[in-house]
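Those protein sequences? They're chains A and B, same order as listed. Take the first sequence: its position 300, counting from 1, is numbered 300 in our numbering, and each next residue is one higher. Take the second sequence: its position 206, counting from 1, is numbered 206 in our numbering, and each next residue is one higher.
Keep in mind that a hint or two might mislead.
Stretches of chain A that chain B covers, calculated by requiring three or more beta carbons in the stretch to come under 8 angstroms of a beta carbon on chain B [stated by the list, open to error]:
| id | segment |
| --- | --- |
| 1 | 82-95 |
| 2 | 225-237 |
| 3 | 292-302 |
| 4 | 309-322 |
If you anchor each label on the Cβ, the simulated ranges turn out as follows [said to hold, decoys possible]:
| id | chain 1 | residue 1 | chain 2 | residue 2 | range |
| --- | --- | --- | --- | --- | --- |
| 5 | B | E234 | A | M325 | 51 to 57 angstroms |
| 6 | A | L13 | B | S139 | 22 to 28 angstroms |
| 7 | A | A139 | B | S71 | 24 to 30 angstroms |
| 8 | A | V20 | B | A133 | 25 to 31 angstroms |
| 9 | A | K328 | B | Q3 | 41 to 47 angstroms |
| 10 | B | Q3 | A | P10 | 40 to 46 angstroms |
| 11 | A | E147 | B | Q68 | 24 to 30 angstroms |
| 12 | A | E147 | B | Q3 | 33 to 39 angstroms |
Derived by calculation from the structure, the hints in this document are not laboratory data. All C-beta atoms in this analysis are idealised placements derived from N, C-alpha and C, irrespective of residue type, glycine included.
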Amino acid sequence: MSKVLLAALPVPLRLLLAIVLLVVVCLLALSTGSVPISMSGLFGLAPLDEMQSTVLWQLRFPRLLLALLAGSGLALCGALLQNASRNPLADPYLFGIVSGAALGATIATIVVPEWQLFTPLFAFFGALLAVFLVLIIGASSRWQRLESLLLCGVAVSFMLSAITTTLLYLSEPFAANRVMFWLMGSLSQASLTHVALISPLVFITLLLGLLYRRQLDALVLSDESARSLGVNVQPLRLIILLLCAAVSAAIVACCGGIAFVGLMIPHLVRSLFGLSSVALLLGSVWLGAVFLAGVDTLSRSVLPDQELPIGVVTSAIGSLFFLSMLFKYRRG
Amino acid sequence: MGQTPVVEFLQVQLRINQQQILTGLNFAIEQGQFVALLGPNGAGKTSLLRLLQKEYQPSFGQIKLQGQPISGFTQSELAAKVALVSQLSGPLFDLTVADVVLMGLIPHKALWQTNTEQDLLQLKQSLELVGLAHKELHSFAHLSGGEQQRVLLARAVMQKPLLLLLDEPTNHLDLYYQHQVLRIAKALNITVIASIHDLNLASRYCDRLLLLNQGQLVADGTAEQVLKQELLTEVFRIPCLIDQNPFGHCPRVSFGYKDDL
């Protein structure tokens, strides 16, 4: 029904609605928190005190940018991977990316604590190691077959998780707690450096996704059908996988584990906007950004003087979303 | 000098995993012919079509497309000349009919090129040709099997191919759509190679029949030349009778055992 209603609206009006929602979420994110900032202050109509100015420009602004980028990136990767693998449950974390990042973070925190400042870097390389392992193992078992690749992802994920759990078990509790907290996801460490690291990756992935929009549509039908249209199926799938791995690894390294965004947002976009790759990719980028910025605002304002890990909130919303989908399908 | 054949098979053999799939195929298909590939399961019909899409490479011999070795074509160059309509399992993610038909532009468009007015006009014409102009914005997944096949035919038209391959295009379709899909394909007036199980449909619509058995070409000619009682009984391992189809004035095959009479 919602799709019909949205489809009935002219395109400019739909775009206007999308922009208005994005602006509203951004304004809420910038104004809400332990140091409230009024709308007039945000628009420069009222003066900000030093504390407000510091909070706005050094904390909330980079944090909002990171939330928008991480949400866009995760949703974009989810959309690309679901289309490329024709698997509605594919998401950026399916290929062991989170387990790899967790292992990297664990090593930085527990094994070489003197390198603890470089936890994001360790997490990034851990995530890339996971994808590398998936590809290597997958290559020896005909990685061209999607099912093999997905099974490899699950296997690598369990293998790396087992190593991480062993390291955590053998470590001192305080260090283990730090890793666990990091894994729950948080944007509290956001900086413009993070934004500068993630933004080119998200931008390049979106650009390539839009350039290959017709090929991505063709993949949705079948490999044979896509090949008959001149699509080089396996190289395209490999490029998508590598790009998504890089984007997700960078996001996980900067923000920890934020689950369900890549899985849930593309489903929502398909039901709201339509199904061709252009609508799916642009819709996912927009809704992913709005969703994560909104959830981050919620997670740092729902409890007084305390912040909920953002990954916990996205997981809770994601599970409710999929339960609602299940009941919807049951009702038929 | 005659025209260069659209397709030439020159002593083509295909082996996959030590198993001989096709042996000594030697034939040429002329411009505009509607050719049926016939034969029992495992005869090599689909493998032959896959050779024409470069999914398989011949183990011996050569395949030519318009006089050029097919091995020299890139995937994209091949797609600009050869279109395929095959059976689809229901897509997991839905697309509109227009999205599917516009895929036919892939071999002809650079990545950054957008759809022009001309492309959209061609989209309408392709859909009109298959009688689905009114379903342009409908969901592809929610169409009937026959309608989906017609959409894929429209996509093939959009692809502007020299050669159209139909891989069992009438499977799972009811009688009405079986005839309709083949009528539309014939009306396109391009070279068509169709793998078909129903001999009577092949007899009714195809100019030329290639009968395969155990990877070998055992008969090649018009329906009258190929649909012979003795040959079909041997190839399909079931007795048959041949008479005249009153509609198309072409041979009609009925299979069955004598005790059925």
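Going through the hints against the structure:
no.	hint	verdict
1	82-95	holds (count 5)
2	225-237	holds (count 7)
3	292-302	violated (count 0)
4	309-322	violated (count 0)
5	B:E234 with A:M325: 51 to 57 angstroms	55 angstroms, holds
6	A:L13 with B:S139: 22 to 28 angstroms	23 angstroms, holds
7	A:A139 with B:S71: 24 to 30 angstroms	25 angstroms, holds
8	A:V20 with B:A133: 25 to 31 angstroms	37 angstroms, violated
9	A:K328 with B:Q3: 41 to 47 angstroms	58 angstroms, violated
10	B:Q3 with A:P10: 40 to 46 angstroms	52 angstroms, violated
11	A:E147 with B:Q68: 24 to 30 angstroms	37 angstroms, violated
12	A:E147 with B:Q3: 33 to 39 angstroms	46 angstroms, violated
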